[in-house]
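Protein chains in written order, with my numbering: chain A, 1 to 206; chain B, 1 to 798.
Heads up, a few of these hints could be off.
Far from chain B by the CB rule (all over 12 angstroms, computed), these chain A residues [stated by the list, open to error]:
1) Ser-23
2) Ile-70
3) Ser-108
4) Gln-153
Label pairs and their in silico Cβ distance ranges [as the list claims (entries may be wrong)]:
5) A:Lys-40 to B:Arg-798: 38 to 48 angstroms
6) A:Lys-40 to B:Phe-142: 30 to 40 angstroms
7) A:Ala-69 to B:His-200: 41 to 51 angstroms
8) A:Lys-47 to B:Lys-342: 35 to 45 angstroms
9) A:Ala-36 to B:Glu-134: 23 to 33 angstroms
Calculated directly from the structure, the hints in this document are not laboratory data.
Note that the coordinates shown come from a computational prediction; the quantities given were computed from them, not determined experimentally.
No residue lacks a Cβ here, since even glycine has one placed at the ideal position from N, Cα and C.
Spelled out from the first residue to the last, the chains are:
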Amino acid sequence: MQVILEKIYPIKAPLPACWSVLSDITELATCMPGAAITEKIDDSHYKGQVKVKVGPATAAFAGDIEVQAIDADAHSLTLLGKGADKGGSSASMQLTATLRAEDDGSTSLVGLADVVVNGKFAQFGGRMMTSVSDMILGQFAGHFEAKAIAAAQTSPTAAAGAGSVAGQEAATSTPAAPVVAGELNGVAILWGLVKNFFLGLFGKKA
Amino acid sequence: MNAPDRKAALMGMGESRLRKEDARFIQGKGNYVDDIKMPGMLHMDIVRSPLAHARIRKINKERALAIPGVHAVLTADDLKPLKLHWMPTLAGDVAAVLADEKVHFQMQEVAIVIADDRYIAADAVEAVEVEYEELPVVIDPFQALEPNAPVLREDLAGKHEGAHGKREHHNHIFTWEAGDKEATDAAFASAAVTVQQKMHYPRVHPCPLETCGCVASFDPVRGELTTYMTSQAPHVVRTVVSMLSGIPESKVRIVSPDIGGGFGNKVGVYPGYVCAIVASIVLGRPVKWVEDRIENLSSTAFARDYFMDGELAATTDGRIQALRVNVVADHGAFDACADPSKFPAGLFHICSGSYDIPAAHCSVKGVYTNKAPGGVAYRCSFRVTEAVYLIERMVDVLAQKLDIDKAEIRRKNFIRKEQFPYTSAFGFEYDSGDYHTALDKVLDAVDYPALRAEQAAKRADPDSPTLMGIGLVTFTEVVGAGPSKMCDILGVGMFDSCEIRVHPTGSAIARMGTITQGQGHQTTYAQIIATELGISSEVIQVEEGDTSTAPYGLGTYGSRSTPVAGAAIAMAARKIHAKAKKIAAHLLEVGENDLDWEIDRFMVKGNGDRFKTMKDIAWAAYNQPPAGLEPGLEAVHYYDPPNFTYPFGIYLCVLDIDKATGETSVRRFYALDDCGTRINPMIIEGQIHGGLTEGFAVAMGQLLSFDAQGNIQGNTLMDYFLPTAVETPAWETDYTVTPSPHHPIGAKGVAESPHVGSIPTFTAAVVDAFSHLGVTHLDMPHTSYRVWKTAKQLGLTR
């Protein structure tokens with residue numbers, strides 16, 4: 001089961017702060033719900049895991065992450081993640097993420113993901129793959145934004161050049177608390193899907 | 001009672017006797033495999049492959065075995081010492097019982113877990129850790145045949161000779177041919193008109209409401225194995241189990257209790273059965289295995305998946321001169337088709353249909369892919385559904401090319417009544433038929449000219465929101481496999497059997513080699529005996545499915561119960577009838593030639609007051625038999641049919657398509673069936689309704705599809721279409737009666753005709769709706785989305 005996703009998420013934080021999160025793979029991984037880097041092999045190779053829980057079924061994907069390209073000038077990162085759980089489901093994702101500074105001082109996170117899923121999730125989730133991936137990436141972007149805002153607050157250099165919008169947002173938000181994404185929660189995803197479905201019926205987008 | 005009353009009281013052949021089975025089913029008192037509970041029974045669940053093609057690096061059982069209540073976890077390595085990690089298939093191939101070093105399709109059986117209850121077993125399945133190394137997946141049979149395609153069956157390395165001849169490629173199973181190639185090619189070379197159409201009959205699944213399962217119970221003290229099983233062929237299973245396990249056949253008992261639908265899905269022997277039996281032998285306790293819906297749809301036998309390329313050669317006025325067919329058949333990972341041994345493509349060569357075609361040739365190439373094995377006859381005789389679909393589509397394509405009406409071209413090419421018995425170009429001897437009469441009856445009933453006029457008006461009106469399609473199919477089936485000189489399964493001829501015992505007080509029991517799965521055998525078989533012997537069907541018990549009590553038979557599939565077992569009943573009854581006549585003559589003190597049979601009694605010729613009823617005779621048979629005649633009144637008959645039977649039908653469907661949404665709506669479906677002698681009209685009508693509904697399901701929605709990685713898509717009833725009362729159209733049924741000349745009661749079998757015949761009728765109707773725009777064929781399933789795509793391509797909607 002292959003899904004190609006192209007997404008743009010607006011991040012209310014200045015570009016340097018965003019880049020500081022994006023370029024730190026260990027930090028970046030924690031934005032992914034249920035994911036963590038378990039071992040750094042070298043600058044471009046890591047080991048990680050993702051725990052997924054959908055109803056009574058749990059899967060722990062353990063796998064390798066390879067940073068294929070990192071370009072500080074273009075603020076772009078390409079990585080390939082491959083993993084399998086012990087029950088035999090497997091997944092791979094090639095992700096290219098690029099940051100783009102916006103006029104109002106915020107940043108756009110532009111993502112292109114090519115996801116291949118095999119096993120149970122591909123069997124049962126075929127029809128929902130796109131929606132589920134959307135939800136997961138949406139949660140990822142949310143966590144990413146929180147981390148970037150936190151980074152902008154704590155690091156004056158990262159905050160430097162921050163535009164008014166991002167600065168004000170950051171100032172009014174609660175002081176930076178460590179942001180760690182929880183376990184990927186199937187019930188929340190399901191609820192999100194149901195909500196989106198009904199909103200879709202009325203022509204709205206969540 | 002006068003004669004008509006006595007006849008009516010028998011509730012014999014021709015009566016719409018209410019189904020004997022329903023009393024228990026509608027009260028929830030049926031006894032299915034999953035209802036069976038035995039003392040000390042353990043439960044089995046199966047670890048299945050999440051990948052379609054992969055090497056197994058390691059299986060780690062420890063975490064599963066540590067769960068309290070888990071008794072065993074078995075893998076192929078555990079079955080190896082018993083030589084049971086592979087098993088023979090009905091098609092002459094072997095299939096993995098548990099994946100040996102490699103998995104070949106998603107959801108393949110990799111390991112089994114035996115536990116105290118079903119829940120522990122399911123938890124333990126999750127705890128079995130299997131490490132896989134992914135291999136390239138082959139889903140498309142054409143790609144499988146490319147020179148550098150991945151090798152799927154490493155176990156067959158170096159085997160260039162298969163069960164059905166030479167293997168030309170590592171993923172090739174067989175190429176099977178029938179007909180006269182030279183004559184056919186010659187006819188095409190000189191033909192005035194030729195047409196060609198490629199079509200895919202997609203992979204579908206019979207999806208019986210009850211999934212497969214068994215309870216295996218090995219008694220280590222007696223050395224006896226009893227297995228309750230969802231099987232359409234319990235005796236064949238007994239033979240196979242005995243051969244595989246080494247337990248003498250006399251100590252193996254297979255029982256098929258009530259079965260919740262089979263439709264071909266329950267003919268084969270699945271790894272789950274074998275594993276449950278092995279587990280019971282190893283643990284010395286009963287073991288139950290019942291698969292869930294997803295397992296049933298994903299791993300047990302599918303049907304069809306034929307890529308067909310048909311060609312017709314004809315004269316300019318539409319007389320068909322020759323038929324040529326080339327098929328690539330996707331058989332999945334193991335060749336586990338359930339066909340008579342000599343016919344790897346079943347009876348596909350019935351594909352010349354109801355038409356008098358002088359020359360014909362077909363070739364079927366079987367191919368391995370990374371999909372589940374199967375290829376069973378889903379509510380049809382072996383591959384007859386595919387054959388009928390092909391010829392009926394081709395005749396329509398030819399009619400369109402020549403601009404001849406689709407009814408007219410059929411009438412022109414029908415085998416005429418006086419040509420029967422008719423030998424087809426493929427060598428089948430059609431027993432009887434009267435196609436012209438049946439066609440006229442249907443066309444009159446629906447006022448066919450008016451329908452075509454209405455369609456023409458709709459086509460002429462650009463503002464019409466709908467398209468109208470008329471599908472017409474005039475099919476002939478070949479059922480009742482079959483003559484043992486041609487048909488066998490694992491060397492066992494495809495006869496069937498019946499044993500009848502008439503008790504002293506005049507009631508009777510009949511035991512059969514077949515097994516009902518909803519066909520109503522307990523009702524209809526008794527009616528045959530009632531008419532033959534003059535005993536009321538109400539006092540005739542019919543028993544099937546227990547190999548310890550029933551005579552050996554090949555089971556129920558391919559519409560063979562009535563043509564084969566139904567004949568065995570009549571023949572056994574006639575043996576009893578002959579003995580009864582001797583006894584009656586003795587009791588009435590006349591010669592046998594002085595007796596007439598009338599409904600339920602033997603009467604002295606010319607003196608209706610002197611008679612003995614079958615009830616009187618039964619008592620005498622046990623208590624005062626004539627000298628020299630052994631007591632008792634019973635008989636066994638094994639019936640080996642001299643030929644197949646050839647039921648036929650004329651089906652017409654009118655449907656409307658919403659141009660904007662692609663939604664189809666069946667306005668009318670008229671089904672005329674000729675199944676020869678009709679035993680129970682009500683059951684026939686029920687069978688036809690059921691078959692039409694399943695045909696509707698296949699044509700309009702059912703599909704087992706796979707993504708490029710071999711992940712099966714839509715293996716739940718969320719996606720796999722089972723029509724309910726909401727979607728099902730209203731059916732109109734009709735009949736003609738053309739008895740089979742070689743069958744003792746002239747019956748031909750009916751349950752599968754409506755499935756075989758209706759599927760191409762729906763396709764024909766959908767295509768017909770678009771035919772004025774140049775469309776000659778559309779592959780199934782005709783879902784709204786796919787129909788809408790066609791409408792969009794043709795510019796009928798935005």
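Would you list, in rising numerical order, the hints stated earlier that this structure does not obey? Numbers 5, 6 and 8, in rising order.
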